[in-house]
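J.: With these hints in hand, go ahead and build the complete structure from the sequences.
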Amino acid sequence: GIQVEQSPPDLILQEGANSTLRCNFSDSVNNLQWFHQNPWGQLINLFYIPSGTKQNGRLSATTVATERYSLLYISSSQTTDSGVYFCAVGTYKYIFGTGTRLKVLA
Amino acid sequence: DSGVTQTPKHLITATGQRVTLRCSPRSGDLSVYWYQQSLDQGLQFLIQYYNGEERAKGNILERFSAQQFPDLHSELNLSSLELGDSALYFCASSLGLGRLVPGTGELFFGEGSRLTVL
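In order, the protein sequence lines correspond to chains A and B.
Just so you know, we're using our numbering here: the first sequence kicks off at 1 and counts up by one.
Just so you know, we're using our numbering here: the second sequence kicks off at 1001 and counts up by one.
Hints are computed from structural coordinates only; laboratory data are not their basis.
Among the hints, a few may not be true.
Over 12 Å on every C-beta distance to chain A, these chain B residues come out as not near it, computed from the model [to be verified]:
no., residue
1, 1012
2, 1017
3, 1018
4, 1020
5, 1022
6, 1024
7, 1058
8, 1061
9, 1067
10, 1069
11, 1073
12, 1075
13, 1084
14, 1103
15, 1110
16, 1118
Selected chain B positions facing chain A (Cβ under 8 Å, derived; list incomplete) [what the hints assert, rightly or not]:
no., residue
17, 1009
18, 1039
19, 1042
20, 1045
21, 1064
22, 1090
23, 1105
24, 1106
25, 1108
26, 1112
Simulated restraints, written as ranges between beta carbons of each label pair [claimed, not checked]:
no., chain 1, residue 1, chain 2, residue 2, range
27, A, 103, B, 1070, 44 to 50 Å
28, A, 41, B, 1014, 31 to 37 Å
29, A, 54, B, 1028, 31 to 37 Å
30, A, 2, B, 1053, 20 to 26 Å
31, A, 103, B, 1058, 27 to 33 Å
32, A, 55, B, 1071, 33 to 39 Å
33, B, 1082, A, 64, 38 to 44 Å
34, B, 1070, A, 14, 32 to 38 Å
For every residue, glycine included, the Cβ atom is placed at its ideal position computed from N, Cα and C.
T.: This is how it looks when you write it as structure tokens:
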């Protein structure tokens, strides 16, 4: 099956800093999404991005499908960005990576 | 609000018991997925249905079963519960499978059902 690796596993930032999260996957896929799981456990859709680049406010994402990786950029981080960021990929079912746990300090 | 509704939100039960978790997908979505998230773990894919038919199976235990009904809602049945079954169970839905029609595979998650087995 598809393998999904995320890095780094943990990240601590000062408020206002920028960060890049990476997702590598082992096979070609039709679907790729980034999610934020907040401290209350809710899974928030960030991007549906099987290829290309998208931006939404302080967040942007790029997927290079031919090289099997995706990047999530967080700029000017805020304490509310804390939580776990998951990448999920698949053709008709989604496999989740193990996530990047982000903590933003005030 | 993603439009995916899960009930109950919280459930506490004893070992050996059986519970049913319910999921109503977003209006128009044909595919339903179930995931299990144990404490501080990632999301494990359990099972997927598309328009009433099982399409993919993951690491779902034999004690667990699921189905998708004609009105497209889905139920996950967990029986002979063990302490290790305590977890957050998520349901997600998508319009389609994202293979033939790009973009139809985007997942939307419900808020989850938190199961505690004592």
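J.: Decide, hint by hint, whether the structure agrees.
T.: Against the structure, the hints come out as follows:
no.: 1; hint: 1012; verdict: holds (16 Å)
no.: 2; hint: 1017; verdict: holds (23 Å)
no.: 3; hint: 1018; verdict: holds (24 Å)
no.: 4; hint: 1020; verdict: holds (21 Å)
no.: 5; hint: 1022; verdict: holds (18 Å)
no.: 6; hint: 1024; verdict: holds (17 Å)
no.: 7; hint: 1058; verdict: violated (7 Å)
no.: 8; hint: 1061; verdict: holds (17 Å)
no.: 9; hint: 1067; verdict: holds (17 Å)
no.: 10; hint: 1069; verdict: holds (20 Å)
no.: 11; hint: 1073; verdict: holds (19 Å)
no.: 12; hint: 1075; verdict: holds (19 Å)
no.: 13; hint: 1084; verdict: holds (19 Å)
no.: 14; hint: 1103; verdict: violated (7 Å)
no.: 15; hint: 1110; verdict: violated (9 Å)
no.: 16; hint: 1118; verdict: holds (20 Å)
no.: 17; hint: 1009; verdict: violated (10 Å)
no.: 18; hint: 1039; verdict: violated (11 Å)
no.: 19; hint: 1042; verdict: holds (5 Å)
no.: 20; hint: 1045; verdict: holds (6 Å)
no.: 21; hint: 1064; verdict: violated (16 Å)
no.: 22; hint: 1090; verdict: holds (7 Å)
no.: 23; hint: 1105; verdict: holds (4 Å)
no.: 24; hint: 1106; verdict: holds (4 Å)
no.: 25; hint: 1108; verdict: holds (7 Å)
no.: 26; hint: 1112; verdict: holds (6 Å)
no.: 27; hint: A:103 - B:1070: 44 to 50 Å; verdict: holds (45 Å)
no.: 28; hint: A:41 - B:1014: 31 to 37 Å; verdict: violated (23 Å)
no.: 29; hint: A:54 - B:1028: 31 to 37 Å; verdict: violated (23 Å)
no.: 30; hint: A:2 - B:1053: 20 to 26 Å; verdict: holds (22 Å)
no.: 31; hint: A:103 - B:1058: 27 to 33 Å; verdict: holds (30 Å)
no.: 32; hint: A:55 - B:1071: 33 to 39 Å; verdict: holds (38 Å)
no.: 33; hint: B:1082 - A:64: 38 to 44 Å; verdict: holds (42 Å)
no.: 34; hint: B:1070 - A:14: 32 to 38 Å; verdict: violated (53 Å)
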